[in-house]
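Based on the hints, put chain B in the right spot on chain A.
Below are the chains, spelled out letter by letter.
Protein chains: 2
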Amino acid sequence: MAEKITSREVDYSQWYNDLVLQSGLAEYSPVRGSMVIKPYGWAIWEEMKSILDKRFKETGHVNASFPLLIPKGFLEQEEGHAEGFAKECAVVTHYRLRTDPDKKGKLMVDPESRLEEELIIRPTSETIIWNCYKNWIRSYRDLPILINQWANVMRWEMRTRLFLRTSEFHWQEGHTAHATKEEAIAETEQMLHIYAEFMEQYMAIPVWRGIKTASERFAGAEETYCVEGLMQDGKALQMGTSHFLGQNFAKAFDVTFLNRENKEEYAWATSWGVSTRMMGALIMAHSDDNGLVIPPRLAPLHVVIIPIYRNDEQLDQIRAKVDPLMTELKQLGIICKFDDSDQNKPGWKYAEYELKGVPVRLAMGMRDLENGTVEVARRDTREKMVWEMTGLSDRIRQLLDEIQQQIFRNALAFREDNTHTVNTWDEFREIINSKGGFILAHWDGTAETEEQIKEATKATIRCIPLDAEEEDGVCVFSGKPSKRRVVFAKAY
Amino acid sequence: MAEKITSREVDYSQWYNDLVLQSGLAEYSPVRGSMVIKPYGWAIWEEMKSILDKRFKETGHVNASFPLLIPKGFLEQEEGHAEGFAKECAVVTHYRLRTDPDKKGKLMVDPESRLEEELIIRPTSETIIWNCYKNWIRSYRDLPILINQWANVMRWEMRTRLFLRTSEFHWQEGHTAHATKEEAIAETEQMLHIYAEFMEQYMAIPVWRGIKTASERFAGAEETYCVEGLMQDGKALQMGTSHFLGQNFAKAFDVTFLNRENKEEYAWATSWGVSTRMMGALIMAHSDDNGLVIPPRLAPLHVVIIPIYRNDEQLDQIRAKVDPLMTELKQLGIICKFDDSDQNKPGWKYAEYELKGVPVRLAMGMRDLENGTVEVARRDTREKMVWEMTGLSDRIRQLLDEIQQQIFRNALAFREDNTHTVNTWDEFREIINSKGGFILAHWDGTAETEEQIKEATKATIRCIPLDAEEEDGVCVFSGKPSKRRVVFAKAY
Numbered sequence: 127m128a129e130k131i132t133s134r135e136v137d138y139s140q141w142y143n144d145l146v147l148q149s150g151l152a153e154y155s156p157v158r159g160s161m162v163i164k165p166y167g168w169a170i171w172e173e174m175k176s177i178l179d180k181r182f183k184e185t186g187h188v189n190a191s192f193p194l195l196i197p198k199g200f201l202e203q204e205e206g207h208a209e210g211f212a213k214e215c216a217v218v219t220h221y222r223l224r225t226d227p228d229k230k231g232k233l234m235v236d237p238e239s240r241l242e243e244e245l246i247i248r249p250t251s252e253t254i255i256w257n258c259y260k261n262w263i264r265s266y267r268d269l270p271i272l273i274n275q276w277a278n279v280m281r282w283e284m285r286t287r288l289f290l291r292t293s294e295f296h297w298q299e300g301h302t303a304h305a306t307k308e309e310a311i312a313e314t315e316q317m318l319h320i321y322a323e324f325m326e327q328y329m330a331i332p333v334w335r336g337i338k339t340a341s342e343r344f345a346g347a348e349e350t351y352c353v354e355g356l357m358q359d360g361k362a363l364q365m366g367t368s369h370f371l372g373q374n375f376a377k378a379f380d381v382t383f384l385n386r387e388n389k390e391e392y393a394w395a396t397s398w399g400v401s402t403r404m405m406g407a408l409i410m411a412h413s414d415d416n417g418l419v420i421p422p423r424l425a426p427l428h429v430v431i432i433p434i435y436r437n438d439e440q441l442d443q444i445r446a447k448v449d450p451l452m453t454e455l456k457q458l459g460i461i462c463k464f465d466d467s468d469q470n471k472p473g474w475k476y477a478e479y480e481l482k483g484v485p486v487r488l489a490m491g492m493r494d495l496e497n498g499t500v501e502v503a504r505r506d507t508r509e510k511m512v513w514e515m516t517g518l519s520d521r522i523r524q525l526l527d528e529i530q531q532q533i534f535r536n537a538l539a540f541r542e543d544n545t546h547t548v549n550t551w552d553e554f555r556e557i558i559n560s561k562g563g564f565i566l567a568h569w570d571g572t573a574e575t576e577e578q579i580k581e582a583t584k585a586t587i588r589c590i591p592l593d594a595e596e597e598d599g600v601c602v603f604s605g606k607p608s609k610r611r612v613v614f615a616k617a618y
Numbered sequence: 127m128a129e130k131i132t133s134r135e136v137d138y139s140q141w142y143n144d145l146v147l148q149s150g151l152a153e154y155s156p157v158r159g160s161m162v163i164k165p166y167g168w169a170i171w172e173e174m175k176s177i178l179d180k181r182f183k184e185t186g187h188v189n190a191s192f193p194l195l196i197p198k199g200f201l202e203q204e205e206g207h208a209e210g211f212a213k214e215c216a217v218v219t220h221y222r223l224r225t226d227p228d229k230k231g232k233l234m235v236d237p238e239s240r241l242e243e244e245l246i247i248r249p250t251s252e253t254i255i256w257n258c259y260k261n262w263i264r265s266y267r268d269l270p271i272l273i274n275q276w277a278n279v280m281r282w283e284m285r286t287r288l289f290l291r292t293s294e295f296h297w298q299e300g301h302t303a304h305a306t307k308e309e310a311i312a313e314t315e316q317m318l319h320i321y322a323e324f325m326e327q328y329m330a331i332p333v334w335r336g337i338k339t340a341s342e343r344f345a346g347a348e349e350t351y352c353v354e355g356l357m358q359d360g361k362a363l364q365m366g367t368s369h370f371l372g373q374n375f376a377k378a379f380d381v382t383f384l385n386r387e388n389k390e391e392y393a394w395a396t397s398w399g400v401s402t403r404m405m406g407a408l409i410m411a412h413s414d415d416n417g418l419v420i421p422p423r424l425a426p427l428h429v430v431i432i433p434i435y436r437n438d439e440q441l442d443q444i445r446a447k448v449d450p451l452m453t454e455l456k457q458l459g460i461i462c463k464f465d466d467s468d469q470n471k472p473g474w475k476y477a478e479y480e481l482k483g484v485p486v487r488l489a490m491g492m493r494d495l496e497n498g499t500v501e502v503a504r505r506d507t508r509e510k511m512v513w514e515m516t517g518l519s520d521r522i523r524q525l526l527d528e529i530q531q532q533i534f535r536n537a538l539a540f541r542e543d544n545t546h547t548v549n550t551w552d553e554f555r556e557i558i559n560s561k562g563g564f565i566l567a568h569w570d571g572t573a574e575t576e577e578q579i580k581e582a583t584k585a586t587i588r589c590i591p592l593d594a595e596e597e598d599g600v601c602v603f604s605g606k607p608s609k610r611r612v613v614f615a616k617a618y
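Chains A and B, in that order, give the protein sequences. The first sequence begins at 127 in this note's numbering and counts up one residue at a time. The second sequence begins at 127 in this note's numbering and counts up one residue at a time.
Next up, chain A with everything else stripped away, as it sits in the complex (with noise of 0.2 Å):
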């Protein structure tokens, strides 16, 4: 049985660590920075996968695979990306181990093998991709170019936090090249509306789709949009980001094109990527003091079927009913799983699915048998009810859309409830300090502004709502004017 789990209340980030590591998601690697994703947690991030994988495809992308290592030199091309990257690059300087001629069993690096020139583990694949784009763009015929790739990337960190902040990373990254500027940012803005339904529709998270402000820009972009979730400790955290990179990677790398006016013309990029931390966020939105509630449609198992009984007989009378019921669900579907197991006892069986977030368990008894019924257990209401076994999998089928439904409006009406729209600096710094949230808040769009909140609150702008209104203001903190309000927020 595992151990019990801090409570929200008590410490939130405790309470995330703790389930993290109960619920047999991750665990911490002797390799500083670095985790090991368990199977339950691997099958979420696959099925993540899987959905966002189909729907790039749907749109007219295409995987590949781009080499992990990265030449030192490609980093130096784009200036601005350089500066955003080289702090925090694993370097290899060696290809080679020898035995240690001091130490009886011990290696050591030969020091023969030293590498010419340093290799970095990629922290992302702009430069090695647009170095290979070069040789793949002559003409407007060969764009636009729709790539993306499933990858582990590493940055280096040295406060880690299991899946939303590690070294060693997975994610997709896109990378495009167009013929037009207009297109590119077509395709930037495409891709995070994939995102944003993607999230609201399967990890049932509202989120906000926005601009970045410039100081919150992705190294070597032009504009960076994201969408911004809300946690359950009033934090933002951002949950994806899709650039418009200009010409910048395209010049740094020489990449240019005839267009239709066979004229030599840079291309257009745009990348866009989510990773791993997309975990982090799924659990933390929905999760409650007893474990992962985790939405239907991410999760690995829909449905635990546990029996109670005294003796064999009695497990072979429940087995009857609940192996046509088992091939009904599959049917429609819905994993579904029978734990007979004799280790353990019906209620460490519940705390157990409750913790890894069943969205729904059955329990079947001899009184059940009798009656024709069975208890049905939500995981995110913790309700119970006696149903019926006729119909049962339709029923279910439906109860797992409803779940879906609600954990979607609770977490929507936590973020209306926790999205406040502030006009004083006063009222700004009060609900910060209390109640956190998102502040919807005039600003005078400069970096000065920003950072000064930031020191003030530890508030940083989220971003520019794509959908945000005009309206004539006054910047919140500075008290020049101000055109639209943006989203504040402290964040992960």
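Bear in mind the hints are in silico, worked out from the structure with no lab data behind them. There could be a bad hint or two in this list.
Just so you know, same-sequence chains aren't split out, so a pair can sit in one copy or run between any two.
Distance condition first, Cα-Cα at most 25 Å in a straight line; then the derived DSS-like pairs of lysine-lysine [unchecked claim]:
{"no.": "1", "residue 1": "183", "residue 2": "475"}
{"no.": "2", "residue 1": "616", "residue 2": "606"}
{"no.": "3", "residue 1": "130", "residue 2": "475"}
{"no.": "4", "residue 1": "584", "residue 2": "361"}
{"no.": "5", "residue 1": "130", "residue 2": "260"}
{"no.": "6", "residue 1": "471", "residue 2": "130"}
{"no.": "7", "residue 1": "561", "residue 2": "361"}
{"no.": "8", "residue 1": "232", "residue 2": "260"}
{"no.": "9", "residue 1": "584", "residue 2": "616"}
{"no.": "10", "residue 1": "180", "residue 2": "456"}
{"no.": "11", "residue 1": "475", "residue 2": "377"}
{"no.": "12", "residue 1": "456", "residue 2": "175"}
Below, chain B alone, put in the same frame as chain A:
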């Protein structure tokens, strides 16, 4: 249009290289030893992954993810393993770059970011995984652990060949832990058979299933099982391995459990893997001087339809016939493409899709419209037929099955023609030097003889076949007694 491919007769090795590059499967990257797997190549690998992953899951395995970087000290734990891999490790020694004070715009490794203990990029993950299993395994109730990982790994190579030998490659590595030796051996064998069935049924390559001699064993294994295919140049290619690791890694990482008798015991291990090397086998086994021949069950595109027309009106008439056909084909799970681009003439397209190994090509012109027919061309035999449009989709489905089988039959016939039962050393040398292929010969079971045969002919023992019959004989080299024939070949 692609350049001409070198013919197999002229230079088999160059033919292979030309083919991989020109068909758009992959290319070299500027990083020594690394390759870019392009969308067409990656699509085939994704199909391989998807089929194998399904089989792994059907047999009770789950996926997980372990760190890319491994502390140097882990490698030291298992002596044989260290000897096998230390000499080809990419070593991370630092975690930060900084601007070079002496060279404007350049980056240098920050000497202050030196790691206390160097990290290596995983060449394989036994060490890091068994370090985890130590914490996961307490009692026989925790066993078996049946985990697989899809990952990139790195083994430094000086002489590289696309897909066949690259420093970074993609693979899956299964790592299982068991309570008994018997169970671990059964797992090792089960996975070998899953590999062999995949290779024969999907890749259309007949394989030997066998056991490696001690000198060819995986570093740290008690027994290495393998599957060996034959390429068109008469050389063998090891297509996958499955290792019974005994208790070696459990002892190295102190992984014990309480068995049913409540006694402390070391866990039993297996590991097994196949890699992007299979792509090389797929290409070399079937393709010809006109390009790739891809078995339909792995082809990213099954059918291409090419219109022959003089004007838009004709194209519209053809499209009106093609659209419903495409719908029918898609309903049968057949992936098809109508190439109505006006950039290239039909002849160019024919050559292009031949190069890419699309199993079936349909061509439709005005005469076909009048006659209610279509021209059907098989990629494998390059045979052309004129078929009625009526019932076409079903016939194409059957044709794809037939092509799959025919490719396998050809590969099998080729292997039979190139497998020689040999009883004298003269004959052995003559065949290995002229025709190549597999040689079935008696061997005295000693590493010395194995080594001497290798030095004299470059042929190695590919495996001791699993189904080898007992047969008294004398070693082809030493004349000493032998109980069974083993399989020799020159190999990739």
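I'd like to know which numbered hints this structure contradicts. Please list them from smallest to largest.
Going through the list in order, the structure violates hint 11 alone and respects the others.
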